[in-house]
Every structure is written in structure tokens, then in C-alpha cells.
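As a plain string of letters, each chain reads:
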Amino acid sequence: MNGVLTVARNTLHEAARRRILLATAVFGVIGLALFALGMHFVHREITAHGGVAAVQHRITVSFLVMAGLYAVNFLLIMTAVLVPVDSVSGEIASGVMQTVASKPVRRSEILLGKWLGFSVIVTGYLLLMGGGIVAIGRVITGVATPGLHFGLPLMLLEGLLLMTLSVAGGTRLSTVTNGVVVFGLFGLAFIGGWVEQIGTLAGNDAARTIGTIASLIMPSESLWQLAAYHMQPGVMRELSLTPFSPASVPTPAMVVWAGGYVVAVLALGLIAFRRRAL
Amino acid sequence: MIAARALRKEFGRKVAVAELTLVVAPGEVFGFLGPNGAGKTTSLKMMLGLIRPTSGTATLLGAPLGDRRARARIGFLPEHFRFQDWLTGREMLRFHGRLYGMGGVRLEARIETLLARVHLLEAGEQKLRTYSKGMLQRVGLAQALLNDPALVFLDEPTSGLDPLGRLLVRDLIRELRAAGTAVFLNSHLLGEVEATCDRVAFVKQGRTVHEMRLGEVAADLVVQVELGETTEALVSGMARFGDVVSVNGRRVTLRAKSEAALPEMSRWLVESGAALYRLEASRPSLEQLFVQVMGDDQRPG
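For the record, the sequence lines run as chains A and B. Residue 46 is where the first sequence starts when you use my numbering, and the numbers rise one by one after that. Residue 1402 is where the second sequence starts when you use my numbering, and the numbers rise one by one after that.
Just so you know, the hints here were simulated from the structure itself, not pulled from any lab data. Small disclaimer: the values here were computed from a predicted structure and weren't measured. Ideal Cβ placement from N, Cα and C applies to all residues, glycine included. Among these hints, one or two may not hold up.
[To be verified] Beta-carbon label-pair distances, calculated as ranges: (1) Val165/A - Glu1509/B: 22 to 30 Å; (2) Arg151/A - Ala1426/B: 38 to 46 Å; (3) Pro1564/B - Arg319/A: 36 to 44 Å; (4) Arg319/A - Thr1531/B: 34 to 42 Å; (5) Ile236/A - Ala1510/B: 42 to 50 Å; (6) Val221/A - Val1692/B: 39 to 47 Å.
[As the list claims (entries may be wrong)] Only part of the chain A face toward chain B is listed, based on derived beta-carbon distances under 7 Å: (7) Thr51; (8) Gln143; (9) Val150; (10) Ser153; (11) Thr168; (12) Ser219.
[As the list claims (entries may be wrong)] To list a few chain A residues with every Cβ distance to chain B over 12 Å, as calculated: (13) Glu136; (14) Ser147; (15) Val308.
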């Protein structure tokens, strides 16, 4: 356990020293400031001249918040994949890992330490950005985003899923190949998710099945759809008014599948790293 | 310290190490010599548990390869080593010390002692990316000694060091030997090996082909004698002082058993009435021995 914590602390230290955390925080704050400005003007517009009906006001604000969260989701995925993508493969290629792995620590401790460190970064990023978007919406408009207790953990699971793939992939693949594979899987899930939605709306079972298979191969898009489903008002969900209102709502079983997916990928990474010639 | 028997490593169809058998005793400085691609680094990595052997057995400090308790008593400086260059020298040593399970005042004191020993006390707060190659090699050495190891693996430790840096490494190795620490030294610089090692093994195409104590080189004293005339009686008489290797016209080459044989032989030759024109003794250097053991097929080009 001492090895896990030492490596995790070193991972966070590296992110701070290489200004990854600073760059993430600065651009995050700029993004949030822009969002706040946009939200302020939109809110002023829709409340001017007597305003609009409460439901319309709520839908407009929720749409903006969902658009913000959609952008956060995309940035979260980028952060989850890109920050750790070079961590294991880069240290193996440069020889740094030889010195670390010759110490009296298990290789599993090294990998779990890195995973833990990156988990903290992914979680912190989601709290800053996702929490920021939701808080801005609430403060400026007074409209609370529903279902955060479901939505944010689902987004976190999506981030952890992609981060785990990126960390585990580094035990076998070179940095570039690892990045291409993880983003390839994400792209597959993204396309599959839309095929499933359109298939559902069109009543086409074959398209729906293709989407479901894509979600099983890579459940990231399903997790976002389910998170989005929970974080919008019921009226938006029922009427499928926005691109964030899924026609086909992923089942809780998909969440279990995604959780198992994270555990399985991490376990495979641990096995691959244990066998890897350094 | 190290006992390896028939260690073998294959990468697909390529045999990197065919059969490695060697023993390193406590407190011994052991040189591991061979040309590029002979399997030296792969052998070392197998012993450190970084690569799994395809077959064979070995123990390190009495434990099987990869044992964590044994690794806690081992130091390692890899060839072309790299550390996280965003860390300062002190931070890097602190990180590696923690991986050894060290901490607190004991670790900090050890870091300061080692930084002073490798002349990097002033540079301890600089980031490693600002270090010269020699400074990196020295801080790497400090890293290999953090845990006061019983056995240290040094893979080309003087690579990139200037003459003073090499002298430092040589002194450090001597200090380690005096403290009873065994050193496994991989080096191309045969002069360094000759100056520091007790015993060497030559590895060729993944096999240990020759092992010797460096003191044994003295036994290979080669003597060239030039006489006015070489008779059968003179040659057989000279055989008392060493093994006659060749007789070529007026020249006789033999391997003397010791330096003491030289004045005795010259006296005997003169008393026997031989005309002695030249008597020249030389010891083959480790480099000459290396070339001899490796053979011409190992020369590049």
C-alpha cells in the first residue's frame, strides 16, 4: 500500500510540476467565465419584458446547462485519455520504469498508484467543471439542475473508464497507438450511440441492436446519455426536446457493465504489466 | 550474493542469453564483460526481475529472482538511465527512497550524505533536466546506494563521465568493497574493470565463455627471448622457467610462472653459454585478453 501511495503522490506531483493541473484549471476557469457570461445574457433576455412562462424559462436554462455539461463531458474525456496516455508507455520507453520497478514494490502497486493519481485528477476536473456549470446555472437563474446525484457519478464513471483504458493500454502499447486505440473505441461508442438513438426513433431494431453492441464494446456514450437523462427536467426527457434527451435510455444494467468493464480493464492491465519485459 | 545456473532468455526466435552460469560472492566486485549484443544487459535485467528468464534458475541474496525482500537490499544504476526530469535531485532521491520503504529523518540524512558523496550537494534543488550527463550519472549512483545495499548492479556507470567522474566511481566501488558490498559491474571500459574488479566473466553470444580472477593475469607473463642460436638443449632447459609457446628461428616465446623466473632464466642462459640478445617480459592487458577470448569474429566490420 505504501508503494501505491508513493506512486500516486508522484503522479499528482508530476501533473502539478508539468503545469498540467495549472493549464487545466486556467482553461477551465476561462470556460466557466464564458459560460457564466453567456448564461447571464440569455437569462437577462428571457426575463426581460415580463419574461416567459416558468416552464419555458426552466427548459431554456436547462438546455444551456446541458450544453455546458456536454462540453464538460467532452473535455473530461480528453483529459481522461490524454493526461495518462504517456504515463506508463513513456516511462517504459525512456527507461524510467526500470529503476522504479527494480525497487521492492510490486508492479501492481506501480500501476495502481498511477491509476489512483489520475483518478484524483479526473475527479477534480469533473468537480471543477461540472460542478461549476451547475453552480453558475443555479446562481444566475435560480434553476437547479436535477439528478446530479446520478448524473455526476455517471460522468465520473465515464471519465474513469477512459482513463483506465489509457493507463492499462500503456502497459502493452506505445503512446501513439494507445491514444489511437482509446479514441477509436470512444468514436465507436459515439457513433454506435447515435445509430441506436436514430434506430429507436425510426423503429428500426437492427440499428438499435448495432448501437447496443457498440455500447457493450465501449459503454462511454451510454454513460453520458444516462447522465444527461437524469440531469434534465422531466418535461425535456418526456418530449425528447433536445439532443440531450435520449430516445433510448440505457438501462441500469449498462452501468453495472461499465463498472465491471473498468475493473476488468484494470485487471488486464495489471496482468499485462506484470508480464511485461522492462 | 548471486548464483545463476543456465539462465536463458529468448525473445521470439532470437536468443538473447543462451546460458548464463555464474556465482558472485559477498563483498566481491565482479566485472561482466562482452561486446555489444552479447546479452549483458538482458542478463542483468533477468537478475533484477525486470525480465523473466525463459529457462534456468538463479538466486539473489539467497532468494529467487524478483523476490521483494531481496530487492530491498539491492541497488541498481541502469545503462542510459533516465529519471523523471521534472524532479529536482533531492526530490528524485526522496521518491526512490520511499519506494525502498524509507522515510523521515533517516531518509533525509541519507540523501544529504549521498549528495555530498557524489558532489551534488549544491545542485540538489535543481531540476534534473538542467543536469549535465555526468551529473545525472552521479545522482543515479546516489540513487543506487540509497538503501545501503548488500549488492549493487552498475550498468556502464562511467558512461558519460569525465576523468574526475570516473575516479569518483572507482573510489565509490572501492568503498563499497571495503564495506562488504558486492558489486556487479557491466562495463565496456576495460581499464575501469581492471582497476576495480576482483573477478571478471567474459560473455559471448549469450554464454559465459571465460571466468577469471584479475590476479590471474599475472600468471600469463609472456616472455620473448632472442638468442644467438636456439638449440634443443637450450629450449628444453628454458622449459623449467615456464611453458614454451613457440620457437621461431632465434626467438623463443614462453609463459613464465612468475616474475622471479626472469633473472633466474637469464642467469641460466648466460651460464649455459647462450648468447642472450634480448629478454622482454610483458603481461597481456585485459583488453588483449578480451580480444583473445572474443576472437576476431566479434570485431565490428
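Quick rundown of the hints versus the structure:
About 26 Å separates the C-beta atoms of Val165/A and Glu1509/B, a value consistent with the hinted range of 22 to 30 Å. For the hinted restraint 38 to 46 Å between Arg151/A and Ala1426/B, the CB-CB distance of approximately 30 Å leaves it violated. With their beta carbons about 43 Å apart, Pro1564/B and Arg319/A fall inside the hinted range of 36 to 44 Å. Range check, Arg319/A to Thr1531/B: about 35 Å between beta-carbon atoms, so the 34 to 42 Å window is met.
Taking the beta carbon of each, Ile236/A and Ala1510/B are about 59 Å apart, not inside 42 to 50 Å as hinted. One distance hint, 39 to 47 Å for the beta-carbon pair Val221/A and Val1692/B, holds here, with the actual separation near 43 Å. At its closest, the beta carbon of Thr51/A sits 4 Å from a beta carbon of chain B; the interface hint therefore holds under the 7 Å criterion. Hint status for Gln143/A relative to chain B: holds, with the closest Cβ pair at about 5 Å, below 7 Å.
Given the 7 Å rule on beta carbons, the hint for Val150/A holds: about 5 Å separates it from the nearest Cβ of chain B. Violation of the interface hint for Ser153/A is found here, the shortest Cβ-Cβ separation to chain B being roughly 12 Å, above the 7 Å cut-off. Below 7 Å, beta-carbon pairs count as interface contacts, and Thr168/A has none with chain B, the closest being about 23 Å; its hint is therefore violated. Of the supplied interface hints, the one on Ser219/A is violated, with its beta-carbon coming no nearer than about 17 Å to a beta-carbon of chain B, more than 7 Å.
The non-interface label for Glu136/A is inconsistent with chain B: the shortest C-beta to C-beta separation is roughly 8 Å, within 12 Å. For Ser147/A, the requirement that its beta carbon stay farther than 12 Å from each beta carbon of chain B is not met, with the minimum near 4 Å. With a least beta-carbon separation of about 25 Å from chain B, Val308/A lies farther than 12 Å from that chain, consistent with its non-interface assignment.
Hints 2, 5, 10, 11, 12, 13 and 14 from the earlier list are contradicted by this structure; the remaining hints agree with it.
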